[in-house]
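2 protein chains.
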Amino acid sequence: MSNVNALPLLEPEAAEAVVPCCPPLTERPLSAEEAERTARMFKALGDPVRLRLFSLVASHAGGEACVCDISDVGVSQPTVSHHLKKLKEAGLLTSERRGTWVYYRVEPSVVAAMGQMLTAR
Amino acid sequence: MSNVNALPLLEPEAAEAVVPCCPPLTERPLSAEEAERTARMFKALGDPVRLRLFSLVASHAGGEACVCDISDVGVSQPTVSHHLKKLKEAGLLTSERRGTWVYYRVEPSVVAAMGQMLTAR
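Going line by line, the protein sequences match chains A and B. Under the numbering used here, think of the first position of the first sequence as 1, with each following residue one higher. Under the numbering used here, think of the first position of the second sequence as 1, with each following residue one higher.
Everything labelled a hint here was simulated from the structure, so no lab data went into it. Model, not experiment: these values are computed from the prediction. Treat the hints with care, since some could be wrong.
Each pair may be met inside one copy or between any two copies, as identical chains are not told apart.
As the list claims (entries may be wrong) - In silico lysine to any residue, SDA-like type, Cα no more than 20 Å apart, as pairs:
(1) Lys88 x Ala120
(2) Lys43 x Glu89
(3) Lys43 x His83
(4) Lys88 x Arg37
(5) Lys43 x Val102
(6) Lys86 x Asp69
(7) Lys86 x Ile70
(8) Lys88 x Arg105
(9) Lys85 x Glu96
(10) Lys88 x Asp47
(11) Lys43 x Cys22
(12) Lys85 x Glu27
(13) Lys85 x Pro29
(14) Lys88 x Pro29
(15) Lys85 x Glu33
(16) Lys43 x Asp69
(17) Lys85 x Thr119
(18) Lys88 x Ala113
(19) Lys88 x Thr26
(20) Lys86 x Pro29
(21) Lys85 x Gly74
With the rest of the complex left out, here is chain A (with noise of 0.2 Å):
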């Protein structure tokens, strides 16, 4: 009988992490870099579905939302999970399933790193 237990697996979202960065963009120019990470964020919300969905999460109460309750934006459900999956992959929200229903949650530094970026020095 073998006695080697199973690694621990990284998820494979952990290791997908969008780290947030990046100073007003009116401190500095942003590097290659630096704007390749952002972008994605940017991008994100960058579709009216998407940002409607982001919304019915940042807004419902608690701060976190089944999706049971965030599939009146007149898109199929696959569309539904199509993008939530893409604002998870951006970093800016997170998912637990918890029973039957997933749950998402806004992740706070992520969109705070954002709005950082967009004041003024």
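Fit chain B to the known structure of chain A by using the hints.
Okay, now just chain B, sitting in the frame of chain A:
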């Protein structure tokens, strides 16, 4: 002879002017119309080259930059012009021709409105 005077024409840009909108995303869900209007602004910053160009203008001395100052982002001059046009269309930059050069300036009210949307309630 007709005495009908020519009507003043609206500048094409003025007709397309982007009006900042919307409370913090944590406050209430955006309407479809609000999301449509606002996603354009986030999308404009959702490209690495545009984001670098924007930070170059925003951080330039005096808050404005000539095209001649901001060509150092590794893309051709026509590509720079294309991206600056997109930033103007989204309401994030304004431009003015003075002599040989076109000068770009950040539109602070639009950028502030975007920053405010990302601010926690």
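Evaluated hints:
Taking identical chains as interchangeable, the C-alpha atoms of lysine 88 and alanine 120 lie at most 20 Å apart only when they sit on different chains, with a minimum of 19 Å there against 28 Å within one chain. In this homomeric assembly, lysine 43 and glutamate 89 come within 20 Å of each other (Cα to Cα) both inside a single copy, at 11 Å, and across copies, at 16 Å. Taking the shortest Cα distances, lysine 43 and histidine 83 sit within 20 Å of each other both inside one copy (12 Å) and across copies (15 Å). Taking CA atoms no more than 20 Å apart as the test, lysine 88 paired with arginine 37 passes inside one copy only; the shortest distance there is 14 Å, against 23 Å between copies.
In this assembly of identical chains, the alpha carbons of lysine 43 and valine 102 never lie at most 20 Å apart, being 24 Å within a copy and 27 Å across copies at closest. Proximity of lysine 86 and aspartate 69 under a CA criterion of 20 Å is satisfied intra-copy only: 18 Å inside one chain copy versus 35 Å between copies. Taking the shortest Cα distances, lysine 86 and isoleucine 70 sit within 20 Å of each other inside one copy (15 Å), while across copies they are farther apart (31 Å). Within a single copy, lysine 88 and arginine 105 get their C-alpha atoms as close as 10 Å, which meets the 20 Å cut-off; across copies the closest is 33 Å, which misses it.
With identical chains, the CA atoms of lysine 85 and glutamate 96 are at most 20 Å apart within one copy only, with a shortest distance of 12 Å there and 41 Å across copies. For a Cα distance limit of 20 Å, the shortest separation of lysine 88 from aspartate 47 qualifies both inside one copy, at 14 Å, and across copies, at 18 Å. For a Cα distance limit of 20 Å, the shortest separation of lysine 43 from cysteine 22 qualifies both inside one copy, at 16 Å, and across copies, at 18 Å. Taking the closest pair of Cα atoms, lysine 85 and glutamate 27 never come within 20 Å of each other, the shortest separation being 32 Å inside a single copy and 23 Å across copies.
In the homo-oligomer, the alpha carbons of lysine 85 and proline 29 lie at most 20 Å apart only across protomers (19 Å), although the nearest pairing inside one protomer, at 30 Å, exceeds that limit. For the identical chains of this complex, lysine 88 and proline 29 are inter-copy neighbours only, at 18 Å across copies versus 27 Å inside a copy, given an alpha-carbon limit of 20 Å. With identical chains, the CA atoms of lysine 85 and glutamate 33 are never at most 20 Å apart, being 23 Å at best within one copy and 23 Å at best between copies. For a Cα distance limit of 20 Å, the shortest separation of lysine 43 from aspartate 69 qualifies neither inside one copy, at 24 Å, nor across copies, at 26 Å.
In the homo-oligomer, the alpha carbons of lysine 85 and threonine 119 never lie at most 20 Å apart, since the shortest distance is 28 Å inside one protomer and 23 Å across protomers. In this assembly of identical chains, the alpha carbons of lysine 88 and alanine 113 lie at most 20 Å apart only when taken from the same copy (16 Å versus 24 Å across copies). Taking identical chains as interchangeable, the C-alpha atoms of lysine 88 and threonine 26 lie at most 20 Å apart only when they sit on different chains, with a minimum of 17 Å there against 27 Å within one chain. Taking CA atoms no more than 20 Å apart as the test, lysine 86 paired with proline 29 passes between copies only; the shortest distance there is 19 Å, against 27 Å inside one copy.
Taking identical chains as interchangeable, the C-alpha atoms of lysine 85 and glycine 74 lie at most 20 Å apart only when both belong to the same chain, with a minimum of 18 Å there against 31 Å between chains.
Violation of the numbered hints given earlier is confined to hints 5, 12, 15, 16 and 17; the remaining hints are satisfied by the structure.
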